[in-house]
Each structure stands twice: as structure tokens, then as C-alpha cells.
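Engineer: Residues in the sequence shown are numbered from 1 upward in steps of one, following UniProt numbering.
By construction, these hints were calculated from the structure, which means they are not laboratory data. Ideal placement from N, C-alpha and C gives every residue a C-beta, glycine not left out. Treat the hints with care, as some may be off.
To be verified - Okay, the calculated beta carbon distance ranges per label pair:
1) F130 <-> W291: 27 to 35 Å
2) P336 <-> S35: 30 to 38 Å
3) V232 <-> P289: 14 to 22 Å
4) A202 <-> N76: 38 to 46 Å
5) T215 <-> A133: 53 to 61 Å
6) D241 <-> A203: 24 to 32 Å
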Amino acid sequence: MKILFTAEYAGSLDAFRQYDELEVTGWAAGDSKLSEDALIAHGQDADVLIVSYDDITARVIDACPQLKLIACTRANPVNVDLKAAAARNIPVLYTPGRNADAAAELTLGLMLSLARHIPQAHGALKRGEFTRATQGSNATQQGLRQDVVWDVDKSSPYEVFKGGELRNKTLGLVGYGSIGQRVGRLARAFGMSLLVADPRVAAEDIDEPGVRKATLEELFTGSDYVSLHLTVTPQTTGLIDQRLLGLMKPEAQLINTSRAAVIVEEDLIVALREKRIAGAALDVFASEPIWRDHPFITEFDNVVITPHIAGATRETLVKHTAMIAADLQRFLSGEPLHYRWPSA
Numbered sequence: 001m002k003i004l005f006t007a008e009y010a011g012s013l014d015a016f017r018q019y020d021e022l023e024v025t026g027w028a029a030g031d032s033k034l035s036e037d038a039l040i041a042h043g044q045d046a047d048v049l050i051v052s053y054d055d056i057t058a059r060v061i062d063a064c065p066q067l068k069l070i071a072c073t074r075a076n077p078v079n080v081d082l083k084a085a086a087a088r089n090i091p092v093l094y095t096p097g098r099n100a101d102a103a104a105e106l107t108l109g110l111m112l113s114l115a116r117h118i119p120q121a122h123g124a125l126k127r128g129e130f131t132r133a134t135q136g137s138n139a140t141q142q143g144l145r146q147d148v149v150w151d152v153d154k155s156s157p158y159e160v161f162k163g164g165e166l167r168n169k170t171l172g173l174v175g176y177g178s179i180g181q182r183v184g185r186l187a188r189a190f191g192m193s194l195l196v197a198d199p200r201v202a203a204e205d206i207d208e209p210g211v212r213k214a215t216l217e218e219l220f221t222g223s224d225y226v227s228l229h230l231t232v233t234p235q236t237t238g239l240i241d242q243r244l245l246g247l248m249k250p251e252a253q254l255i256n257t258s259r260a261a262v263i264v265e266e267d268l269i270v271a272l273r274e275k276r277i278a279g280a281a282l283d284v285f286a287s288e289p290i291w292r293d294h295p296f297i298t299e300f301d302n303v304v305i306t307p308h309i310a311g312a313t314r315e316t317l318v319k320h321t322a323m324i325a326a327d328l329q330r331f332l333s334g335e336p337l338h339y340r341w342p343s344a
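Just need the whole structure built from these sequences, with the hints factored in.
Structural biologist: Okay, structure coming up:
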């Protein structure tokens with residue numbers, strides 16, 4: 001049996017080396033994505049394809065006559081032609097929840113950054129603001145103990161970067177899957193209450209103090225922070241628009257670590273321009289990489305942005321590598337698969 005392995009991974013590949021032949025190439029070998037032609041050249045005699053970002057098209061599947069299993073180390077195998085795989089009765093594996101902890105933690109980091117203006121304060125110091133020209137220490141008045149307060153006027157950092165606390169604030173979670181639930185647990189540890197909008201979640205299943213199911217309108221009206229955790233579907237594309245943004249409190253802030261397509265980006269820009277909301281933190285954008293003269297970069301000092309890194313942790317790679325290895329063993333043993341894509 002031959003395995004063609006192009007996925008990003010962490011740790012050892014010993015779980016895959018036990019089989020007859022393992023070819024590691026592409027992203028897994030430190031190179032770029034493979035083209036269709038390259039995939040066919042390497043995989044035409046492969047029994048198993050294990051990929052992250054390579055496009056497994058119908059042409060690739062048709063050109064690999066021995067192919068019996070496709071594994072994609074992502075939460076949604078959008079780069080695999082599922083219909084073509086189903087036509088050949090080839091199961092498609094995926095790795096749901098592999099980056100849930102990573103995305104949840106980044107979401108809390110962005111929320112804290114908004115609340116306490118951390119990036120702005122960091123950037124100011126890096127630019128030389130609120131610094132002194134020479135090394136030294138402040139003198140202490142006779143009879144007083146040494147103090148660390150060195151400036152208390154309106155232009156001091158204590159005033160310029162004064163923020164708010166998360167405790168006793170309300171977090172609205174739009175989407176309550178594996179990531180949304182983890183964000184909720186972390187937020188509760190900070191003393192926040194939760195509003196949850198998710199048609200797949202029953203109110204009875206989240207019935208506990210400080211957690212309440214809400215309509216989208218109730219959530220956007222009542223939340224101090226709104227965090228989006230949605231997959232892209234016809235129903236969610238452009239869901240967050242001028243109407244919903246207009247329901248937010250002027251002091252409320254929006255966070256998106258899911259997919260940019262769920263927001264009408266121009267509507268968000270207008271809401272920020274007109275100061276209808278206090279700010280936003282975004283890991284995803286309508287076009288990536290983000291345009292260097294985008295308003296999020298050039299215009300707003302109340303927008304925190306990161307370059308689509310919510311799932312980018314070493315632990316994520318360890319998890320998805322282990323998930324695929326375990327399901328490959330189940331497949332070869334004829335056991336039920338845990339991570340088979342439902343529509344494959």
C-alpha cells in the first residue's frame with residue numbers, strides 16, 4: 001500500500017511509516033502546494049492521499065485508479081471534490097475540532113486586546129512614544145516610598161489607553177459549535193455572561209446561570225462583545241450586515257475568527273467610520289492577504305487585525321496528524337470511521 005503524504009504535520013510520521021510505502025512531498029516536505037499535474041505524477045499509484053491544502057479535483061481522483069481513501073487535515077475539506085470521491089466510493093476523512101482550542105484562545109486574546117488596547121499601547125512604545133531618551137529612574141520625594149506612577153495628565157498612557165474589564169460584560173456567541181463552546185467556557189472564567197444564537201442548539205441544552213439562548217436580534221442588541229463562529233453556507237454568507245450591526249450598542253465591539261464571508265465587509269467599514277460600534281478584531285478578510293491600503297490598516301485605530309492565524313499552533317498539527325493516523329488504522333481494519341466527512 002502506498003500513502004502520498006503532503007499535509008502539514010507535527011511530531012513523528014511513524015504511524016504512517018509502518019505501511020508498505022510512504023512518500024512525503026509538497027507542503028509536508030517544506031515545499032509549496034502541489035499542482036494537479038504534480039499530484040497525479042506522485043499519486044497515480046497511491047492507495048491513500050493525505051493532504052492539507054492541495055486541490056484534490058475530479059481530474060486528480062480519476063487519474064489515481066488505485067485510490068481507496070482521501071484524508072484532509074482540515075475542519076472542512078473544501079479542497080476535495082466530494083462528489084467525485086463519492087462516485088468512486090472513496091471515503092474522505094477530515095479533522096473536526098482540531099484547531100478549536102487554538103481559535104478559541106486567539107478569540108479571547110483579541111477580545112482582551114480590544115478591551116485593554118494592548119496592540120495600540122505596544123505600538124506606541126515601539127514608536128518611541130511614552131519613553132525617555134536616556135536610562136534612569138524617577139526621584140522620590142522625601143518621606144515617601146518609591147512610586148511607579150510617572151505621568152498622570154490627560155496625555156499620559158494611563159489615560160490614553162484606559163480600557164474596560166471583561167468581568168460582568170455580556171458576550172454574544174453567533175455559532176455554538178466546538179469553537180464557540182470553548183470561547184464560552186473561557187469567557188465564563190473571566191466572569192462574562194453569554195448570549196448564544198445557533199439554530200442547532202436547544203435552549204434546554206445550555207440552560208445554566210449566565211448562559212441564555214437568544215435570537216440574532218437579541219444578541220446584537222444586548223451584547224458588549226459579539227464573536228462570530230460560523231461556517232460558510234448560503235444561509236450565513238453576508239449574514240452580519242448593516243441591519244444587525246446597527247443593533248449593536250455604540251460601545252460594543254465585534255470579533256471574527258471564523259470566515260470573512262459571513263460579514264458584509266463594507267457594512268462593517270461604514271459602521272466603524274460612523275462610530276456606530278466601538279471597534280472590531282478580525283483574523284479574516286474578504287480578500288486575503290489583506291490589501292496593504294485597506295481601511296482596516298490605514299484608517300482605523302480601533303481595529304485589531306491578525307493575518308488568518310486562528311488555527312496556527314503546533315498543537316493543532318499534532319491533533320490532526322493523530323486523528324488521521326487513528327482513522328487510517330480503523331479504515332484498514334474495517335472498523336467504523338470516526339472522522340468521515342458526512343457527505344462523502
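Engineer: Regarding D241 and A203, is the given constraint of 24 to 32 Å on their beta-carbon distance met?
Structural biologist: Holds, at about 25 Å.
Engineer: Is it true that A202 and N76 lie within 38 to 46 Å of each other by Cβ?
Structural biologist: violated (24 Å)
Engineer: Within 27 to 35 Å: is that where the Cβ-Cβ distance between F130 and W291 falls?
Structural biologist: Holds, since F130 and W291 (Cβ atoms, about 31 Å apart) stay within the stated range.
Engineer: Go ahead and decide if the range 14 to 22 Å is satisfied by the Cβ distance of V232 to P289.
Structural biologist: This hint holds: roughly 19 Å between Cβ atoms.
Engineer: Would you say the C-beta atoms of T215 and A133 sit inside 53 to 61 Å of each other?
Structural biologist: This hint holds: roughly 56 Å between Cβ atoms.
Engineer: In this structure, is the beta-carbon distance linking P336 and S35 contained in 30 to 38 Å?
Structural biologist: holds (35 Å)
Of the hints listed earlier, the one the structure fails to meet is number 4.
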